[in-house]
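Protein chains: 2
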Amino acid sequence: MKKEILQSFIQKVWNEGDVNAIAGYIADTYTVMHDPGDPWDGMALDVAGFQHRVSSSRAPVPDQVFEIQELYENENSVCITWLWSGTHLGEIAGIPPSGKTLRMSGATVYYFQNDRITGHWQITDRLGVFQQLQRNRNPET
Amino acid sequence: MKKEILQSFIQKVWNEGDVNAIAGYIADTYTVMHDPGDPWDGMALDVAGFQHRVSSSRAPVPDQVFEIQELYENENSVCITWLWSGTHLGEIAGIPPSGKTLRMSGATVYYFQNDRITGHWQITDRLGVFQQLQRNRNPET
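Residue numbers (the numbering used here), protein chains in the order written: chain A, 46 to 186; chain B, 46 to 186.
These aren't lab readings, by the way, just hints derived from the structure by calculation.
If you're wondering where the values come from, they're calculated on a predicted model, not measured in any experiment.
It is possible that some hints are incorrect.
If several chains are the same, the list does not tell them apart, and a pair holds so long as it fits within one copy or across any two.
[What the hints assert, rightly or not] Computed list of lysine to any residue pairs in SDA-like fashion (alpha-carbon distance at most 25 Å, straight line): (1) Lys57 <-> Ile140; (2) Lys145 <-> His79; (3) Lys48 <-> Thr132; (4) Lys145 <-> Ser53; (5) Lys48 <-> Asn119.
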């Protein structure tokens with residue numbers, strides 16, 4: 046059940062950008078427990094805060110897709126490994142859009158209570174993304 | 046069973062550096078399926094190759110410890126999330142030792158066949174490590 050909820054959440058909210066669907070998935074408070082490099086690392090978000098996070102994150106790569114590789118389930122959590130890709134159409138970390146495809150991989154543990162997602166613990170290969178951004182900015186290098 | 050094998054493997058091989066124990070854990074061929082930034086990414090290793098990988102990786106941080114946060118098990122794999130720390134006592138990526146503690150987090154899927162580990166899929170926060178290395182080299186920044 047938790048796996049199916051999570052797959053639906055990733056698809057609707059993160060892949061399709063449907064911020065109105067968020068209230069149906071997350072608990073009243075969603076905690077970003079561990080997410081090195083993420084602007085929301087350590088924060089506790091309500092639904093409006095989470096909507097802002099999704100909108101802001103998707104803005105520079107509006108066609109982004111998380112492709113789940115594997116799902117693992119424990120009593121109160123689901124862990125997924127994933128590949129991410131999207132077209133760089135807006136400024137990221139001060140770097141202007143290149144129109145190129147960006148790729149990233151990561152792993153995320155999502156915590157649940159009463160079928161609601163209460164937060165996550167995440168690792169992403171953010172160095173790989175910065176290297177792509179630099180390479181696209183300076184194609185001769 | 047796989048979880049216990051993996052915990053023992055992490056402790057003996059990666060935390061204690063016992064390269065003679067490796068042959069008791071891994072299959073004849075160990076494949077580094079996905080490990081962005083790792084020098085062995087994409088390689089298929091035999092026992093000697095794996096011993097070299099462990100020795101080389103541990104040399105600059107000989108007291109390194111992987112502290113497992115959570116374990117998840119599927120039919121043929123175990124996924125762990127972990128925190129890593131160690132003292133920077135040897136050159137890393139051309140940066141001389143600082144004597145400072147380095148910290149990193151990551152997530153790894155280990156694949157099994159007949160209770161032997163056949164390979165892994167891994168994400169680490171390598172950007173976080175490079176930022177620490179740079180900060181330790183230029184403490185005024």
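Quick rundown of the hints versus the structure:
When the C-alpha separation of Lys57 and Ile140 is checked against a cutoff of 25 Å, the pair qualifies neither within a copy, at 28 Å, nor between copies, at 44 Å. In this assembly of identical chains, Lys145 and His79 lie within 25 Å of each other by CA distance solely across copies; the values are 22 Å between and 29 Å within a copy. In this assembly of identical chains, the alpha carbons of Lys48 and Thr132 never lie at most 25 Å apart, being 28 Å within a copy and 39 Å across copies at closest. Within a single copy, Lys145 and Ser53 get their C-alpha atoms no closer than 28 Å, and across copies no closer than 44 Å, so neither meets the 25 Å cut-off.
Proximity of Lys48 and Asn119 under a CA criterion of 25 Å is satisfied in both settings, with 10 Å inside one chain copy and 13 Å between copies.
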